[in-house]
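Student: The task is simple: from the sequences and hints, build the whole structure.
4 protein chains.
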Amino acid sequence: MNSFGRIFRVTIFGESHGESVGINIDGCPAGLSLSPEDFNVDIERRKGGVQKGTTPRKEDDIPFFKSGVFNNTTTGAPVTILFENNNTRSSDYSKQRAVPRPGHADMVARQKFGGFEDFRGGGHFSGRLTVCLVAAGVIAKKLLSSLKLSVEATISEVAGEKDTEKGLQRAIDAKDSVGGIVECRVSGLPAGLGEPFFDSAESLLAHAVFAIPAVRGVEFGTGFAAARMFGSEHNDAIEDTTGKTRTNHAGGIVGGLTNGNELVFRIAIKPTSSTPKEQQTLNLETNNVEAFSVKGRHDLCIALRVPVVLEAVTAIVLADLLMLERHIPRILNS
Amino acid sequence: MNSFGRIFRVTIFGESHGESVGINIDGCPAGLSLSPEDFNVDIERRKGGVQKGTTPRKEDDIPFFKSGVFNNTTTGAPVTILFENNNTRSSDYSKQRAVPRPGHADMVARQKFGGFEDFRGGGHFSGRLTVCLVAAGVIAKKLLSSLKLSVEATISEVAGEKDTEKGLQRAIDAKDSVGGIVECRVSGLPAGLGEPFFDSAESLLAHAVFAIPAVRGVEFGTGFAAARMFGSEHNDAIEDTTGKTRTNHAGGIVGGLTNGNELVFRIAIKPTSSTPKEQQTLNLETNNVEAFSVKGRHDLCIALRVPVVLEAVTAIVLADLLMLERHIPRILNS
Amino acid sequence: MNSFGRIFRVTIFGESHGESVGINIDGCPAGLSLSPEDFNVDIERRKGGVQKGTTPRKEDDIPFFKSGVFNNTTTGAPVTILFENNNTRSSDYSKQRAVPRPGHADMVARQKFGGFEDFRGGGHFSGRLTVCLVAAGVIAKKLLSSLKLSVEATISEVAGEKDTEKGLQRAIDAKDSVGGIVECRVSGLPAGLGEPFFDSAESLLAHAVFAIPAVRGVEFGTGFAAARMFGSEHNDAIEDTTGKTRTNHAGGIVGGLTNGNELVFRIAIKPTSSTPKEQQTLNLETNNVEAFSVKGRHDLCIALRVPVVLEAVTAIVLADLLMLERHIPRILNS
Amino acid sequence: MNSFGRIFRVTIFGESHGESVGINIDGCPAGLSLSPEDFNVDIERRKGGVQKGTTPRKEDDIPFFKSGVFNNTTTGAPVTILFENNNTRSSDYSKQRAVPRPGHADMVARQKFGGFEDFRGGGHFSGRLTVCLVAAGVIAKKLLSSLKLSVEATISEVAGEKDTEKGLQRAIDAKDSVGGIVECRVSGLPAGLGEPFFDSAESLLAHAVFAIPAVRGVEFGTGFAAARMFGSEHNDAIEDTTGKTRTNHAGGIVGGLTNGNELVFRIAIKPTSSTPKEQQTLNLETNNVEAFSVKGRHDLCIALRVPVVLEAVTAIVLADLLMLERHIPRILNS
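Residue numbers (the numbering used here), protein chains in the order written: chain A, 3 to 336; chain B, 3 to 336; chain C, 3 to 336; chain D, 3 to 336.
Everything labelled a hint here was simulated from the structure, so no lab data went into it. Warning: the hint list may mix true and false statements.
Remember, identical chains collapse to one label, so a pair may be satisfied in a single copy or spanning two.
Listed below are the simulated DSS-like cross-link pairs for lysine-lysine, each with C-alpha atoms no more than 27 Å apart in a straight line [what the hints assert, rightly or not]:
1) Lys164 - Lys150
2) Lys164 - Lys144
3) Lys177 - Lys297
4) Lys97 - Lys297
Tutor: In C-alpha cells:
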C-alpha cells in the first residue's frame with residue numbers, strides 16, 4: 003500500500019504527469035518548527051540539472067503545506083505536503099502508449115490496472131514521487147536532529163568506479179546509462195531499535211529502501227562479503243558496556259536491533275532504464291518486437307540522485323523506531 | 003512487531019529454551035486439508051544432524067494444532083501451531099549470562115529489555131523460531147500449489163565455493179564457521195503482484211527475509227551486479243503480451259510488481275556466530291574483555307539450513323499478495 | 003490515527019480554517035468512472051444553509067482531484083481529493099483562544115498538543131472534515147452500487163420528536179440547540195461480511211461511526227431495547243437457506259457477521275455544542291469561570307447534517323469488508 | 003481480523019470445543035511481574051456456576067504461559083497464554099449440525115466458511131473465547147495500575163430491573179432468558195488519550211466492545227439520552243485548568259479525547275440466545291422450519307458474566323492509548 007510506518011506514518015500519492023504529487027505524514031509530534039525553506043537543500047540535492055549525468059528537467063518543487071502546519075509549527079494533526087507538476091510534456095509519452103519501455107513499469111502497470119493506469123511518464127511508478135519521500139525525510143531528519151542524530155548517504159560507486167567522474171565518463175563514452183552503489187551511515191543511534199520478530203531494523207529499512215525506484219539490492223555491514231568470511235573474522239568483539247565493538251562488520255545491527263555502533267548499509271541502483279542506446283521491445287499495436295529509442299533527455303546515472311532519497315527513507319524508519327522506544331515525545335519543546 | 007502480512011497474517015512467539023515456540027496464522031482460507039504429516043518434509047529439511055556441517059541437536063519438532071483445524075481441514079478461524087522445546091540444556095547457557103556472545107543478540111536484547119529477556123540460548127532471538135516460519139510456510143505453499151505455483155530455494159555458495167562440500171571443508175580445515183548464499187526461485191507467478199508505493203514485491207520479500215536470523219543482504223535478479231551494467235545491457239526486452247522477456251536481469255520484478263517472469267533473488271548468510279575458534283568479548287561482571295569459547299556443538303554453516311526457511315517466508319509473502327489480488331478465494335474447494 | 007480500513011483505506015487531513023481539508027483513498031479499484039459532478043448531491047445534502055435549523059455558512063465545497071483519477075476514471079493509484087477552505091472568518095475564533103468552548107475539543111486539543119494545535123474553528127477536530135468523509139463515501143457508494151447495494155440513512159428523531167419540524171421548533175422556542183437520532187439501513191448485503199474476532203461488522207461500523215463528531219451512542223437492531231427483551235422474543239427465526247429471518251431484531255448482524263437480512267443501526271447525536279444560550283466556562287487567562295456566549299450562527303441541530311455522513315462511513319466500512327470477501331475486483335469493467 | 007491494538011496488540015484464537023483457546027499479547031513491556039495466580043480473581047468472576055442465573059459448566063481455566071514469561075516476569079517478547087478445553091461434551095452439539103440455533107452464529111459461520119467451520123458449541127464464535135480477553139485484560143490492568151488507574155464494570159440492569167435479583171426472577175418466572183446493561187467507569191485518566199480522526203477514544207472502545215459476543219449497543223456519558231437534551235443542558239462547564247468539569251454528561255470524552263474526567267460508558271447485552279423456551283428455526287436437512295429446544299444448561303442472563311470482560315477490553319484499549327502517549331515505558335522497574 004501507499005502507507006508506511008506504525009506511529010510516524012507516511013502516505014504517498016500522485017503521478018508524474020498528473021496535477022500533483024504529495025505526501026501525508028501522520029504521527030508527527032506537535033511543536034516542530036517547519037517552514038518551506040527547511041526543504042530547500044534536500045530538494046535541490048535531489049534535482050536533476052545540477053550534476054553531470056543527471057537530467058536537466060527543471061522542476062520548481064515548492065512544498066505546499068496543505069494541513070498540519072500553523073504558525074510555521076507542526077500542530078500534531080497530519081501534515082500534508084503537495085508538489086505541483088509544472089514542467090511536464092505529456093505528448094512525449096502519449097505516443098509511446100503502445101510501446102512499453104523496457105526496464106520501466108509501463109507493461110506491469112497496464113497488467114495490474116487493466117489499462118486504466120495513468121501511463122504518462124510512468125504515472126504513479128515514476129521517480130517523480132521521490133520528491134515526496136525527500137519532503138517527509140526532511141521532517142524525519144529534523145526529529146532525529148533533536149536527538150543529535152544525523153543520517154548521511156553518499157554515492158560510493160558509479161559504473162563500478164569509486165570515482166564518480168570516471169564512472170560517468172564510461173557512460174558518456176558508451177552512449178549508455180549506468181548504475182551505482184549508494185551507502186548510508188548513521189552514528190549515535192541508541193542500542194535496541196528494531197522490533198523482533200518481523201520488524202527487525204534491517205527488515206524495516208529494507209522495506210522502505212525497495213520502495214525507491216531502481217533499487218536492486220541492499221546489504222548491511224559487510225553484507226554479501228560476509229558470506230565469504232569466517233565466523234571468527236566476522237564477529238565484532240564487544241568492548242564496553244555501551245555495546246561498542248572493536249570492528250563493525252555487523253553494520254550496527256545484531257539480532258535485528260541496533261547495537262549502538264554506526265549503522266552502515268549499501269544499496270545497488272540499476273542503470274537508468276531510459277538509455278540513449280536503441281533497444282527492442284514489444285509494440286502492443288503491431289504485436290511485433292521492434293526497435294525503440296527513448297525520446298528526450300534522461301539521467302545517465304539515476305544513482306546520483308538517490309543519496310538524499312536514501313537518507314529520507316532511513317530517517318523515516320528511524321523516527322518511527324525511536325517513537326516506539328519512546329525516545330521522541332508527542333510534543334516538542336522547541 | 004511479531005506479526006507480518008495484511009490478509010494472510012502470521013504472528014510468531016516463543017523462546018529457544020522456554021516451554022514452546024509457535025505461530026498463529028490468521029486469514030488462512032477455510033477448506034484447506036492439513037495434517038501433521040504435511041509438515042514432515044520441510045521440518046526435516048530444516049533440522050540439524052542430517053547434513054555435514056549442521057548441528058546434531060535432535061529436536062522432535064512435532065507440530066501441535068491448537069486452533070483452526072477441524073477434521074484435518076482448516077476452518078477459516080486462525081490456525082495456531084505449537085512446537086514444544088524438549089531437547090534443551092539451559093545450564094549450557096546460564097553460566098554465560100555475564101558473557102554476551104559476539105555476533106549474537108545477547109547484548110542488544112539485554113539493552114532493549116533491561117535484563118528481563120529470556121537469555122537462554124538466545125531466547126526469542128534464537129534460530130529456533132524458524133521452525134515456526136517453516137510451519138507457516140508449509141501452509142502458504144499448499145495455498146500456492148493450488149495455483150500450480152512452487153517455491154524453490156537452494157544453497158548456491160558456501161564459504162565462497164559453489165560446491166557445498168568444498169566450502170564446508172574450508173570450515174573444517176580452518177576450525178571455524180562459514181557463511182553462504184541462498185537463492186530462491188518461483189515460476190508461474192501472475193504479473194502484477196506487489197502494491198505500490200511502499201509494498202513493492204521486493205519491499206515485502208526483503209522485509210520478511212531480514213526476519214530470518216543471520217541474513218545480511220538481499221538482491222533481486224542481477225542485484226548488485228546491476229550497478230556495474232549498462233542500461234542497454236540490463237534492460238529485459240519484452241517479447242509478448244504476457245510480459246515474457248528475452249532475458250531476466252530484473253529477476254521477475256519491475257516497478258515493484260511481478261512481471262510474469264521467473265522470480266529470482268538471493269540472500270547472503272553470515273558465518274555462524276558460534277564458531278569453534280576462541281574469540282574475545284566483554285565480561286559484564288569483571289568489565290574486562292576476555293577470551294571466550296563456545297561450548298557445545300553448533301552448525302559450521304547455518305546457511306545450509308536456510309533454504310527451507312527462505313521458501314517459507316517467500317511463500318508467506320506471495321500468499322498474501324495473491325489474496326490482495328483476489329487470486330486465492332476465502333473458501334477452498336478441495 | 004487518521005487512517006481507517008484494511009484494503010479500501012482512507013486517510014483524512016486538514017483543519018477548519020487552514021488552507022484545505024482532504025482525503026486520500028488507497029485501494030480503490032481501477033476503472034471506476036469518477037467526475038466532480040458525482041459528488042454534488044451528497045455534498046449538497048451535507049451543507050448548511052438549506053434546511054431550517056442548519057447554519058447558513060456557505061461553503062463552495064468543490065472536490066479537487068489531486069491524484070488517482072485520469073480521464074474521469076480511477077487509475078488504481080491512491081485517489082486524493084482536496085477541498086479548499088474559503089469561507090472562513092478566523093477573527094471570530096482567535097479572540098476566543100483563552101476561552102475553551104464547552105462541549106468542543108478546544109480544551110482537550112490544547113492539552114494533547116501542548117498549545118500547538120490549530121485552534122481556529124476547532125481545527126482538525128472540526129465538523130468541517132466530514133466533507134472529506136462524504137467524498138470518500140461517494141466513491142464507496144459507487145463501488146457498492148456496482149453490487150446493487152445502496153445505503154440509506156435518515157433522521158429519525160429530533161429533540162425527542164419523530165417529526166423533525168416539531169423537534170426544531172422546540173429548539174427555536176427554547177433558544178437552544180438540540181440533538182437527534184439517525185438511522186441507517188442497507189439491504190441486499192451478502193451473508194458473511196465481518197471478520198471474527200475483533201473486526202466484527204459491528205466493531206468496524208462502530209469504530210467508523212464514532213469518528214463522526216457529536217456521536218454519543220450506537221445500537222444495532224433492537225439495540226438497547228434488546229436488554230429488556232426475553233430471549234425467545236429477541237431471537238430471529240431462520241426461515242430459509244439464504245439465512246432470511248422472520249423478524250430482524252438482530253439488525254442484520256449475528257455473531258459479528260452480516261446474516262443476509264437488512265442491516266439496521268442507529269446513532270445518537272448530542273445537541274450542537276455551540277448553542278445560542280449563555281453558558282459558563284473557564285477563562286484560561288483570568289483563571290475564572292465566566293459567562294460565555296457563542297458568536298456567529300451555528301446549527302441548531304447538527305444531527306440534521308449527519309445522515310449523509312453516516313451513509314459515507316457505512317459505505318466505507320462495507321466496501322472494505324466486501325473486498326476482504328473478494329466481492330469487489332481490483333479492476334472494474336465499467 | 004483476530005488481532006487488535008497498535009502497540010499493545012492482542013491476537014486471539016481457538017474454538018469452544020477444540021483443543022484450546024488462547025491469546026497472544028505483543029508489545030507488553032518487559033519487567034512486569036506475572037504469575038498464574040494473578041488471573042484467579044478475574045477468571046473466577048467470569049465463570050459460570052457461581053451466580054444465580056449463570057450456567058454451572060465448570061471450567062478449570064488455568065492460564066498456561068507458553069511464551070514471554072521468564073522467572074515470573076514478562077520478558078518483552080510476546081506473551082502467549084493458553085487455556086485447555088476440558089469440560090466439553092461435543093455430542094451435545096454434533097446432532098444439532100443441521101439445525102442452526104436462532105440468535106447464534108451457526109448459520110452465518112456456515113455461510114462464511116462454507117461448512118468447514120468448527121461448529122461444535124459455536125466454535126470460534128463461542129463466548130468461551132472471552133476467557134482469553136479476560137487474561138489479556140489482567141495484564142492490561144496491571145499496566146494501568148502502575149499508573150494508579152483502575153477499571154471497574156458493574157451490572158446496572160437485568161431484564162429492565164436495577165435490582166439484579168428481581169431481573170433474574172423475571173427470567174425464572176418466564177422460563178426464558180433475559181438481557182442486561184453493563185456500565186464501565188475509569189477514573190484518574192490523563193487528558194488527551196485517543197487519536198484523531200479515526201482512532202477516537204470512543205471508536206477504539208466501541209470497536210473492542212463489539213468483539214464481546216451479545217453486545218448490541220454502546221453509549222458514552224449520557225449517550226442516547228443526549229439526543230433529547232438541550233445543548234446548554236448537555237455541555238459540561240470546564241472548571242479548572244486540568245479540564246475538570248462541573249457535570250460529566252460527556253462521560254469523560256470530548257472531541258474523541260479523554261478530558262481528564264471519569265470515563266463512563268454503558269453497553270447493552272441481548273438476552274442469552276440459548277433460552278429454555280421452545281423456538282423455531284430452519285432444519286437444513288429437511289428444509290422445514292421446525293420447533294427447536296436447547297439441550298443442556300445455559301446462562302439465563304449472560305450479561306452477568308460480562309462486567310469482567312468489559313473491564314478487560316477497556317483496559318486493553320487504554321493500555322494501547324497510554325503507550326501511544328508515552329505514558330507507559332518499554333521496561334518497567336518493578
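Student: Decide, hint by hint, whether the structure agrees.
Tutor: Hint by hint, here is what the structure shows:
When the C-alpha separation of Lys164 and Lys150 is checked against a cutoff of 27 Å, the pair qualifies neither within a copy, at 30 Å, nor between copies, at 45 Å. Proximity of Lys164 and Lys144 under a CA criterion of 27 Å is satisfied in neither setting, with 30 Å inside one chain copy and 47 Å between copies. Proximity of Lys177 to Lys297 under the C-alpha cut-off of 27 Å is restricted to the intra-copy arrangement: shortest distance 14 Å within a copy versus 59 Å between copies. Proximity of Lys97 and Lys297 under a CA criterion of 27 Å is satisfied intra-copy only: 11 Å inside one chain copy versus 58 Å between copies.
Hints 1 and 2, counting from the list given before, are not met by this structure.
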